[in-house]
Amino acid sequence: MLGQMAALPLLQACARRLASELPATWWEGYCPLCGAWPVVAEYTGLERKRQLRCGRCGTGWAIPLLRCVFCDETDHDKLGYLTPEAGEQTRKIEVCHSCRGYVKGFTTVRALAPWAILLDDLTTVPLDVAALERGYRRPERPGYSLECLITERRGWGRLVEVGGGWWRLLRRGLHHPPAPPPSSTDLRRGEA
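To get the working numbering, take the position in the sequence shown, counting from 1, and add 2.
Keep in mind that the hints were calculated from the coordinates and are not lab data.
Any given hint could be a false lead.
[Stated by the list, open to error] Calculated pairs, DSS-like style, for lysine-lysine (alpha carbon to alpha carbon, straight line, at most 27 Å): (1) Lys51 - Lys94; (2) Lys80 - Lys51; (3) Lys94 - Lys80.
When you get a sec, could you build the whole thing from the sequences and use the hints?
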């Protein structure tokens, strides 16, 4: 848990820098940048456009309304939602009866900031309790494993490998390196 929290600033910086390079359409339920499952399904604006939001990097991506984020179930009879008893209309829990997974749903005027996603997740623990009491759960592991390697190479500065792609870490952000990353031979010889 502590390791995941320590990686949040780097992942959020990557998300800001790479937002324009993410695919316009993403069919998977997990985050296209870091591979984590969404923390919330956000319904934004008057049109209530549905967008999944990652709690690790803050990335948002659109996904069809009647589709389970975790198992791709599309049968509307197996998808549903739970709402708080107090008549709360801006918060709900989207559930799937097939995989027993759930994701929180929030209605917002505009997209939440990455830090606000985690804060709202923490302040809505009663929704988690309600889902858990009814046998629903969040997946234990990410949808896609994220591997990150940070290394230094003479003349290059710091290089970061995230999800199979190499990025050059500069003061003003991440940039693709102009040439291939250091080989394992370079690293063993101490030339990095």
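Hint-by-hint comparison with the structure:
1. Restraint check for Lys51 and Lys94: the C-alpha separation of about 15 Å stays at or below 27 Å, so the hint holds.
2. For a cut-off of 27 Å, the pair hint linking Lys80 to Lys51 stands: about 22 Å separates their Cα positions.
3. Between Lys94 and Lys80, the direct Cα distance comes to roughly 17 Å. Compliance with the 27 Å bound is thereby established for this hinted pair.
Hint check: no violations occur; every hint is consistent with the structure.
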